[in-house]
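Novice: Each chain is listed here by its residues.
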Amino acid sequence: MSENGCAIVTESLTKRFGRKLALDQVSARVPRGSIYGLMGPNGAGKTTFVRCLLNLVNPTRGSARVLGHDVVRDSVAVRQRVGHVAALQPLWEWMTVRQFAEFMAGCYPRWSQEAVSGILTRVGIDQGDRLQDLSRGQRALAALAVAIGHEPDLLLLDEALTGLDPISRREVLRSVIDVMHAEGRTVLITGQDIAAMERICDYVGFLIKGRLFWESPLDDLKARVKRIRIEHPGAAPPEVPAGATKVERGARETQFTVTDYSPGLAEPLAGPGRRVEVVDLSLEDIFVDLAQPQLTAAGPAAAPAQV
Amino acid sequence: MRPLIVKEWRQSHLLVWLGFLLSAMIAVLYLLWLRRYVKTPLDQESLDGACGFLLLIVTGIVILAATAGLFPSEAGRGTLPLLLSLPLSRSRIWLAKVLAGLSLALAASLLTLVPDAVVIPRALREIRFLLYLPDITMWGLLLFSVTLFWATLLRREISVILASVALCGAVLVTEVAGLASGSVLLGYDELLDVSLWAAALSPAFLFASWFTFTRGELLQARRKWWLAVGALAVGIAIVALALTGASRWAYRYQRSEVKVLDSASAPDNAKAAILTTLGSPAPFGRTSENGWTRLPPAHYRAWHRVVVDLDSGREALVLPYSHLGSSEIVAISPDGRCLARRSQTWWGGAGALEVWDLEKHRRIYRGLPEAMRRGLYLDQGVSLGWSPHGEWLMIGPYTYRVPDAGAPAAALYRQALCIMRPDGSALQEMVLDEFREDELAGLPRLRGVSGYGWAADGSALYTLEWGGRILRRPFAGGPAGKVWEPPVPGLALPAGSEWRFHRLSVSPTGRWLAVSASAALPPVEPGLAPVLRASVLIASDGVRVIRLGEQYVRQYLWSQDERVLYIIAAGEEKSLSLLRLQEGKREAAPITLPPGFPFGRGDSVRAFPLKDGGLLLWGKQACVVDARGRAALPSDSRLRDLPTQSGIVTMDSRGRAIVHRDGQLDAADFAAGTITRIYP
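In order, the protein sequence lines correspond to chains A and B.
Under my numbering, the letters of the first sequence match residues 1 to 307, in that order.
Under my numbering, the letters of the second sequence match residues 308 to 987, in that order.
Treat each hint with caution, since some may be false.
[What the hints assert, rightly or not] Footprint (simulated), chain B over chain A, 3 or more residues, beta carbon under 8 Å:
#: 1; region: 51–59
#: 2; region: 63–70
#: 3; region: 89–98
[Stated by the list, open to error] Below, a sample of chain A positions facing chain B; criterion: calculated Cβ distance under 8 Å:
#: 4; residue: G106
#: 5; residue: C107
#: 6; residue: Y108
#: 7; residue: L131
Because the hints were derived from the structure by calculation, they are not lab data.
Quick reminder that beta carbons are idealized off the backbone N, C-alpha and C, glycines included.
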């Protein structure tokens, strides 16, 4: 994918906090106009990745470009074009929602109060309410609404869906993300609510132990990662292909997950007394199947898969 | 930036009223309670002063409160990442915070002053608020900067406040200690100097705060501390360099804008150096309308002592000093090798005594001898003097009250002096006189020594004592000394009369001692007692004694080779009686002043010995007396028109008169009829 077609390009992005390696040579590409889901377990480095993109923390090594701007040299330009909402981000709670929106409006060169008001009205938040009087979910919704006031070309949602009830989450998806996507703008979502992300993302990346373990279009991922189930009652168990993960061997059945599935892969596994079944996996299953071996293994995660 | 400033104001506007509230409480307390205890005007002054100082403390608290929460409030609420993700550079965010904090502190300070200014206006007047406004502002700036520095490092407001108070206190103590030890920044008045130091440190703290915030925010705490300490060290180093530059600039400015050049502390016949003073009007000064000082602004000048090597014209030494430490005294040793300098601050600091080696350009002694400390009791200006060959430095005479020696009414006072080697060794005190308070009805200065001269070998002092006695005081001979009555040959006094000496002069090398004496004879009729006067020259061996005459001596003057003694005697009105005495001849040869030399009663005339044995008279005009006693006005018009009334500084070892004009030093050689520029 060319750099011009990407909203985010990182090259060997590394961030170290003392002895702790938070990001380890992350080279990611987020296509323009995509909804990119960055998934990973707790402590995988997702928030650090987002903070590096906003230059809230300086990379130890490597580089990152957002919307064509270097995040270190042109951090102000980046932040002018990027909206950011973090999970449980505390706000200035003494402010009313209106004051908060006005404050943010003063900080950006362009502002669409109609867009902000529209979302706030849709989710039922009164702009005269103080932020401290809102529920946690409402505060997140208010922050989300204000975050798109400057009509950003890229929206970074760092665990922003966490803590939202299903109705609010759906409202967010409908009123914010869908709109962004429809207008050809880019959204990067990090989080662990994989089921929700599966519904909206068209690109995914798995970040494990600071390394980008997988990055590809969601469809491609789902097409390549399959669960192979082989029933072999009374017959010899099949040879498991190299590179298969999550291998489960039983007396009558063997299961494993492959990451490079193709229709020709199953044929050699079939044979007398064997029945081969190729199972489509949900994104959550794929994540678990791919991430679990990495998490349980000692040392850094394996080299990232190339799309 | 504006939204950020507005946000800070909305967030902290209650703090603005904190000072107002506290100040109003003071005013209410004053009106309802404290005023009842005022019985005398002194009580009123004390109360007003206390209220004024309380007000300053409240102002400090308000500044602290307004600044301490600027960054910790964000860190405490967890809103720092949100703040930093705004499309503003960190420098702008920091600047917005600083501007908001400054405006909050300023508004809060002004509001603090309002209630007391209305209810207790005398409180502000008592602490001379307007007079010290520059100082208060500069200290407020330091407090603000220090608090801001801590606020970028610490996460809790109370920690910020405590750390800021501690650090500002440390700065204050350090600066006062530095001031007490005589260090000077620009040489204006001491309070302003201390405040300037404080204000000069502010940029270092501001820089460290900015650097830490822009580079270290969201860093790990330990790395942030290292960053902050490093930035502060760099900032202080830059400030120190800037101050050094400012000090040098001040000196250059003063030298280029010299308006005043005075002081002639070098001894006559200075061998190689001369002391002079450069000064220029201060760029700013303070005026007072409430009695602290009535000096006009132009009086506030930055000053430097400059010791000029008269042979080379170079500056042998440049010492800044505060002219308001008006008791600064300097003395150059007769051999021109050493300079003794004693400074004392007007506010009572003990100051210090320094001795500088002018050849090696370094200080060889710095200290505060006990003698000087004692001298502070009664004599603010303890003088300094050198022995003929510069081997001893004399401090004093000075008078002090002997501790634990009787009730105040009968307190014992002691007049003493002390001597030491230039490097401070062999320090010893010599007691000159002791007397009780009630003996002199509170005028102890009338007692004691009124003049002194060094013995030829520098081992003793001749002192002219109160009551007309002369004592020879050897340093090794005990503190009392011996009464020594110079002989007056050829004049026998009747019984009941005795000589009282009132003028004493030792020749430059101590080979000769000239004394002037008078004796009251028995009255010839009631109310009419004739007085016998005598002037006597005595060799240091005590064997050769020459009676010089019967005139009343105003001044003795020695030629540089000590072969001629000139006596300026009190003469008739509108005239000057000037006698010249050749060594070995009893008869004095009167010198007739030239007709054009203006001199009248009340006019002062200074006289300086010339190299060839002649004498230079320095009155309204210059007049040269040659070695044969002939007086004449200089033939060269440039020499004749020298600014004699104020211009001369001293005579150098070549017998040239050193004259200052418009900040320049010229050497006027009357023998050769030339004027040479020496400095700059």
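Novice: Within the region 51–59 of chain A, is the number of residues with a Cβ closer than 8 Å to a Cβ of chain B three or more?
Specialist: holds (count 4)
Novice: Cut-off 8 Å, C-beta pairs, minimum 3 residues; does the coverage of the region 89–98 of chain A by chain B stand?
Specialist: holds (count 7)
Novice: For the hint on C107 (chain A), does the least C-beta distance to chain B fall short of 8 Å?
Specialist: 5 Å, holds
Novice: Would the stated hint for Y108 (chain A) survive a check requiring a Cβ distance to chain B of less than 8 Å?
Specialist: With a closest approach of 6 Å, the Y108 (chain A) hint holds.
Novice: How does the coverage statement for the region 63–70 of chain A fare against chain B, requiring three or more residues with Cβ below 8 Å from a Cβ of that chain?
Specialist: Violated: only 0 residues of the region 63–70 of chain A have a Cβ under 8 Å from chain B.
Novice: Is the interface hint satisfied for L131 (chain A)? The criterion is a beta-carbon contact with chain B at less than 8 Å.
Specialist: 11 Å, violated
Novice: Holds or violated: is the Cβ of G106 (chain A) closer than 8 Å to a Cβ in chain B?
Specialist: 3 Å, holds
In terms of the numbered hints stated before, the structure departs from hints 2, 7, listed from lowest to highest.
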